[in-house]
Structure formats: structure tokens, C-alpha cells
Amino acid sequence: MPTDDGADTRISRFVLDVAGLGLGVLLALPAQSSAQNVRPTAEEMIRCFAIENTVGAELGACKNMVPGAVAVLFRPLEYGDYVDDVMDGLAELAVSHPEFRVRVAAAEYLMAPGKGSPSSEHLTGMVDRIQRVYEESSEPSIRSVFIRWMPYQAEAEAAVDFLQRVATSDKSPAGRMWPDEQLAIDALSRMGDHGRQVLRQLDESGQVRNELARQRLDYLRTRDYRPEPSSHGPRR
Amino acid sequence: MTVDVDTLYYDPPGEEYWTEMTLSDPLGQDRIRWLWFQGILNMDDLEIVRNAPPAIVCDTVVRGSPTTCSIRQEVAQTLDSATAVTDWKFESVLLGGRLAQVDGPDWAASWSGKAVQSGDVEAIGWSEGNQIPLHGTLVVNDREGSEWEWTTLDWNFHDGTGMVGCLIPHWNKFGPSDSTTLGVNLRASSCYPNSVEPPVVDTTGPAGFVGAEVPSGGPNGGLWYVASAQYSMDRGSVINPSILAGYEPDTLGKSDSNQCPDSLRTGPKKAAVVNFYQYNTVCQTLSLQPLYDGIYRHEGFGTGGQDNGHEAQRRFGALNPANYPAAAAERSVATDSASLDDRVRFEVDKVDVVITEKSDPNHILVNGNFSESVYAQSPNGHYNQRTVDDAN
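Residue numbers (our numbering), protein chains in the order written: chain X, 1 to 236; chain E, 237 to 628.
Rather than coming from a laboratory, the hints here were simulated on the basis of the structure.
Small disclaimer: the values here were computed from a predicted structure and weren't measured.
Where is the CB? At the ideal position from N, CA and C, for every residue including glycine.
Heads up, a few of these hints could be off.
As the list claims (entries may be wrong) - Only pairs whose alpha carbons sit at most 30 Å apart, straight line, appear in this in silico DSS-like list of lysine-lysine:
1) E:Lys490 x E:Lys505
2) E:Lys505 x E:Lys409
3) X:Lys171 x E:Lys409
4) E:Lys409 x E:Lys506
5) X:Lys63 x X:Lys115
6) X:Lys63 x E:Lys325
As the list claims (entries may be wrong) - A short list of chain X residues far from chain E (calculated; beta carbon distances all over 10 Å):
7) Ser141
8) Ser144
9) His194
Build out the structure end to end from the sequences listed, making use of the hints.
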């Protein structure tokens, strides 16, 4: 019999070659198909995702899964049985993978399953999950991904609550441009009437203590708490 | 589920050998629909090898170019006629996870059209009344070249042009605090974090690309892809106005006033009414230009070729081909225009965060641009000499 390592390699190749003959094979299947036992595992997806997002990494056995090793996250309602494990794996990558690029990509993909409009069918608890990862991460750049894209989560109420908590947290050290609190104020301004209503309350209550966030709030007050449009296109 | 195989190796549980079961395969089309073994079949009991060339062959092209998928000659010869092929179908999982399926023609020897997405191509061949599943792969390579790169021509940076109004309407006055921000490096034409223009996080604004729908008829008909993309950086630096000439003056105490010429002692009891700039340049005849130059170097391109400025470091990040935003957008393909917009924003934001982090907001590399002795007000309002620097 092969060694343990050899057996692992063969398992991986089988899983990837069969289910990954294109992730299309996987995604073409009904969510609870009898062939479920040959899908790539969440662990494999995460491993390939990290490779996919590492510049110059050899794809190896992952070549049939990339791009889009964790594509199931974009169809969470069909692959709900994967979402928990894949998100847990991405959360770990976002917090502790040694490559910054992988941490960023993981953070961005964590925002995928919950994206949508409040009226659309969506999974619940996604914002809570993101908040847990946000609190685990010590990197402003990674945390900024969660804050900046929070306005597009389907769980709008939870998203507003999250941003409100961040805006009033006053935890960012002085001296850094775009601290979390300021980003949260900015994100709230992109959350329609509800976001503006919260901004007005924050402004009037004086709960925002971070200086740059406070100044951003001052500025947005002059615009009725609406963000300025980025009206220009790219220019050479 | 079906799996194309040429050879199946079976490792009986408890045995030390692998058994090879070679399948007859005149058309390269043998398939195992499911294997039934008595007892438990573990994944590591199986190894599959597939060598047969595909029955369907497609031209490998770069995204946006025409391709033709046709039946491999050896296979076509076994069919009733060259056109005895029906149910052409293309299938692929797009980068955003959506399954793209395109139905093709019946009774056609080939299937042609513009290609934007790699994926599986299938069809049914007919031979003496029997249906033969045919399979192949369409490979589409990413576009490369100057259209998907960017250069310094796409990046603007000017001292004094940062869009400071939306971000820091009220600067802290320099002096009383040790941590007063003396300068910032900002976007010049929009008020968002990060670096790439347009700011893709503003989903009401442009995402920097032009999308196009593949004309119907070919394997990728109806899919949307990025026809062109253009991104830029447009930034500037700004100095804290409280250390510039135009800032509002203070009325100084007697000892500080004595350092100033009569022309500036316009307050009560001949108190000097001056700002930071005047106190240093007139009362102490100390030029502030070295400080201003140092701040601009810190925000810009650093000192003496050391690249120890934020913009220099940002551009190092932007110069890395792995961070080209147009290239990041290039491979996005979607089933509709709105999904394509989503995908592109997502991909561009990833590289934008990486580029921005390279600008060194934590001042690991960006430091050592100035260390100047100036006169600054202490909390009690008196001017004292102190050294201002950007040392880490």
C-alpha cells in the first residue's frame, strides 16, 4: 500500500479529477445529489483558493478548480451544506495566511454569500459571521474590506447595526488615514434612507469620537448624509 | 454522474497491489456511469487515468477571438455523416460561480463563434441509430499586452492637489500635539479610500470597463465579457494649513513677541500677531521650505532615490503585473451585464487593496524624509524650538 502521503495525494487527485473535471460538474449537480460524496471537500477548496491567489504558485492538482475554487459561495442557497465549512476556511485565511494577497482575497470572498438585496432570498447570519472575522483581524486593510462592502449585504438591518457599532467603537489608533470608524461612516452614507437616518442620529448624539470619523460626519452633514458621486471616469 | 476514463486502477482493500482494468475505447468515449463493488469502496481504492484525445476539438484562442469546435476526424469517420451531430452544448462555471450553459445547433459538423470563456463542449454523434456522447474542451486564454497593463502615464501625482476638502475639513493645529498630521496623500478627484480610479466600491459610479455581449450562435453566445478596461491613479499631497503662510494668526505673549519685528507687533501692548509661518520665517528668520520639501517627499517619492515616500511605494505596488487592475478585470465573464459589473468591481478591489497596502500606511519604509528644527507652540502658547521629523 502507498504511504499515508501517497494515499492523500491519490485521494486529492481523485476528488479533483472527478468532481473538478471542471467545477462545472459539481455545480451542475443538484445540491443534494447522490454523487455528493465525490465533490471536492471544503478543505480542498480552501487549499486551492489559497494557491489560486498566490502569485506564481504552482496550481498542481488544483488546476481543474481554478479560477473559482470557492465558487460555491456565489450560489450559497444551492450549496448551503458547503458554506459553513468554506467560510470557516476563508475566515482562517483572512486572519492568518502569511500572504497578504491571499488574506485580501479571502476577505473579499467572505462578502460573497451574503451579497444581495434585502428582498432577495438569502442566507441569514452572514453579517454575524463577518463581524466575528472582523474582530479577529488585526489588519486595518483586511478589516476595511468588510466595512467598505458591507452596504451590499442582503441583511441590511444587521449590516447597519454592524457599521454603527464600528463607527462608535473609537478603537483605531490616531494617525492612520481612513480608520475603521471613518470607513463605517462612509459606508452608512451608501445605505439609503436607513443609513442616512442612522448617520443623523450618530451626528446628533455625539457618539462618534474618532476624530476623522467625526470630521467625515461633519462633511456628510453638509450633503444631507449622502456620499458624493464618483462621477469622473478614468483618465489618461 | 459520468466520468471519462481510459484506465481504471483498483486497489482491493487489504491487498498490496493495484489492478489495472484497461477499457476498450475505439472512440475515446468509454464512460463509467457508476461502479458497483461489493463492500465499501473507498476513494483511495481508485485511481483514474484518462489519455484518450477528446472527440470534440476546439481552437484554443485568446478571449474575444473566434473559435471553431469540430469533431475529431477519427471520430467523425465513424458517424453516419459529417453532420450527424446534434445537441451541441457549452458548459462552464464562471469566475463568479454561475454556471454558463449555451445550447448549440443540431445536425452541424462544427460550432463557431466568438470565444470568451473556457469550458466543456458536448454533443451527440449519431452512428447507425446509436447516440454517441462526444466531449471536448474549449480553452480561452487571457488577453495580454498594453491594453491590459498600465504605466506611469496613467498615474498623476502633484504636490498640493489632494482632495482634502471631503476628508479633513478641519486640520489639527500644529504645535500642541506631538502627533499632529503634517501632510496627507489623497486621491485628487474623488473622496474614497484606496488608490485605483474609478473607486469601484461606489457601485453607483463607473467600474472602469466596457462590457460586451458575445453575439449568439457560437459556444459562448450570450455571455458578457470585458471588451476594454481602463484604470488610473490620480493623487496629490496636501500640507497641514496650520503651518502654511495663510493660516490665522495668534496673539503672542511678551517674551515671544519680543522676538518679532515691530511690523508684526500689531496687537494690544505691541503684542505680536503672527502665525506659525510668520513666527518661524520672520521672527526667527528660519526658512520652512526644508520642512515643506520634506513633507512632500514623505507623501511623494522620497529622498535621494531611496523611494521612501508613500507614492513611490504605491507605484511599486502598481507596477507589479499581478496588480494591474485592467488585467484583473480582463478575465471576468458573466451571464449578464449586471453580474459582469459585480465581478469586475470585485476583482479590481482585490488588487486595489494590495496596491494601497504597498503605499506603506504603517511607515515601515516611508520615513527619514525630514528632521527639521522649527519653533512650535507648546500647550501654553509659548513658542519653543523642537525637532520635527518623520522618523519611524
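Okay, the hints, checked on the actual structure:
In summary, the hint linking Lys490 of chain E to Lys505 of chain E is supported, as the alpha carbons are separated by about 9 Å, within the 30 Å threshold. Between Lys505 of chain E and Lys409 of chain E the CA atoms are separated by roughly 26 Å; this keeps the pair inside 30 Å, and the hint holds. Proximity of Lys171 of chain X to Lys409 of chain E is assessed by CA-CA distance (about 23 Å); at most 30 Å being required, the pair is judged to hold. For the suggested pair Lys409 of chain E and Lys506 of chain E, the alpha carbons sit about 24 Å apart, so the restraint of at most 30 Å is met.
Simply put, Lys63 of chain X and Lys115 of chain X have alpha-carbon atoms about 27 Å apart, close enough for the 30 Å limit, and the pair holds. Distance restraint check for Lys63 of chain X and Lys325 of chain E: the Cα-Cα separation of roughly 23 Å lies within the 30 Å cut-off, and the hinted pair is therefore satisfied. Non-interface call for Ser141 of chain X relative to chain E: violated, since the shortest CB-CB distance, roughly 5 Å, does not exceed 10 Å. Once the 10 Å rule is applied to beta carbons, Ser144 of chain X is inconsistent with being away from chain E; the minimum gap is 6 Å.
With 10 Å as the threshold on Cβ separation, the claim that His194 of chain X sits away from chain E holds: the shortest Cβ distance comes to roughly 17 Å.
When held up to the earlier numbered hints, the structure conflicts with 7 and 8 and fits the remainder.
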